[in-house]
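Student: Protein chains in written order, with this note's numbering: chain A, 1 to 270; chain B, 1 to 273.
Treat each hint with caution, since some may be false.
[Claimed, not checked] Computed footprint of chain B on chain A; a stretch qualifies when at least three of its residues, placed anywhere within it, have a C-beta under 8 Å from a C-beta of chain B:
hint, stretch
1, 96 to 104
2, 111 to 121
3, 135 to 141
Treat the hints as calculated values from the structure; they're not laboratory data.
Virtual Cβ for every residue (Gly too), placed ideally from N, Cα, C.
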Amino acid sequence: MSNGATRTRAQDAARTGADRGAPVVEIRGLSKRFDGASRRVLDDVTLSVWPGELVVLLGPNGCGKSTMLRCAVRLLDPTSGSVTVAGSDLAALSGNELRDRRRQVATIFQHGHLVARRSALANVACGGLGRSRGLRVAAGHLPAAELRHGMECLARVRMTHVAARRADSLSGGEAQRVAIARALSQRPQTLMADEPVASLDPEAAESVMELLRDLATRDNLGVLCVLHQPELALRFADRIAGLRAGRIAFDLPANVVGAEAVRALYQDER
Amino acid sequence: MTATREPVAGALQLPGLSPRRARRRVIQVAGALAFAAFVVQGLIVVDARPQDLVTGVTGMADILARSLPPSFATLPDALSAALETFDIALIGTLAALVLALPFSICAAENLTPARPLYIAARGVIAVCRVVPDLVWALLFVTAVGLGPFAGVLAVSVHSIGMLGRLFAERFEDMDMGPVHALTLTGARRMQVFSHAAVPTVLPSLVGIALYRLDENVRSSLVLGFVGAGGIGFQILTAIQLFDYPTVAMLLLVMFVLVMAVERVSAALRRRIL
Ligand SMILES: Nc1ncnc2c1ncn2[C@@H]1O[C@H](COP(=O)(O)OP(=O)(O)O)[C@@H](O)[C@H]1O
Ligand SMILES: [Mg+2]
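All chains should be built: construct the whole structure from the sequences, respecting the hints.
Tutor: Listed below in structure tokens is the structure:
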């Protein structure tokens, strides 16, 4: 892999720990029980992401990965525990403060969730809405400055050639890259991704993973990526956290994680 | 369980007709009889007498003969009445559009800002829709007097109900992925609505509104019969004066108007969607 050298550096940083500064996202003691359910989907999950590292959350289907991510961006309210983003606890915020904090964390999903009838560029520029105020923007107008910045973000994911195309004419891989550009136009510190390559063909999956890797290494973003393919995790991550039945089974640098530990995640426990 | 029961059932059943099939047959026959009874009571209640249609044919032929040729002298009047009918529909639909949009946002489960607003908006939409526009017209004719303005009010109040409901349904069916994605970027509620929801549903909202305009042209014709202006009112007056050539001219103009609006509205909808 071409980025092998920088990766090793990031891993070294992950191992030493002391000089990493503050994490961009700090999840502490997070538990989640859905209303009416007896079992906790998440049980005392603790996980932090530092700038410049790609952390993969790995685990079998139904182990609670999406729930954890949704709690982390407060699409769901955790039952207990805290999520600290840039120094403040998301669960304690609401309204404008919550919106401001959310801007620091960009989220991408299995599908791009682009607005189908708008151009790729307009979709990307929408990532900057949180910074804009005023009636014109509230009425659907996109400021020229955001469109310019959107173009830079498209360039960052090497997608400027689709800028004018309608979002619903893009392939899955193109849509996902455009969604990542929209995430970047938020100017976030953290990127969260829930199985971003699950519905892509192997080539597109490869290029999206390389892009996420590169965003951590070169743009110093903290990236937390949910995957259920151990092979991709081992190749691209700085650090892998294994989630098994709602508990963190291990949280180790990728080059230390053994095949045995990964296999244990996928053994049926119930 | 089935293994022990089946031989017993087999011993009881008649050849060719199992108890289950027999029961289904009884239900079918009862259903057919009930339906027939329903139709018969309907025919009695509506006082259907097809023989009167046969004897009435001469009367209809007589009216037709007296209507021809249509009175071309009244064409200018007919055209201005047609314009009035169209304008009642146009202004009524536009006014309804402006009011139906906020009501439908409140009445869509996934967009409503608050539960009490949801219930209130649903209530308003239901009342506007369930009361027929003809009844609204009667009410507004008493309130603001005879003429096209009563028609505009009737059309718009009823259309708030029709548009409000269809818009709300469209909002509820919409793909929420982009809405959630933009919410997570830290965009404001109004920004999320105008940048994610509106572009997604706008073409179908415009299509629904164009279809409503088409419907409203037809309904504003009928509203004229209760005094709410337009070509319907002219037809009513001409019939009362036994001026059948004028009635014929008015019907001709009406036919052209309805067809034209229908065609144009359909063509526009095809281009948008
Ligand atoms: N809204 C919900 N209500 C109740 N249970 C849920 C809900 N969402 C997820 N779950 C349950 O939580 C568990 C974990 O789901 P999820 O986080 O989606 O798993 P993963 O993303 O790891 O495949 C599953 O057993 C699922 O059925
Ligand atoms: Mg999932």
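Student: Hint by hint, which ones does the structure fall short of?
Tutor: none
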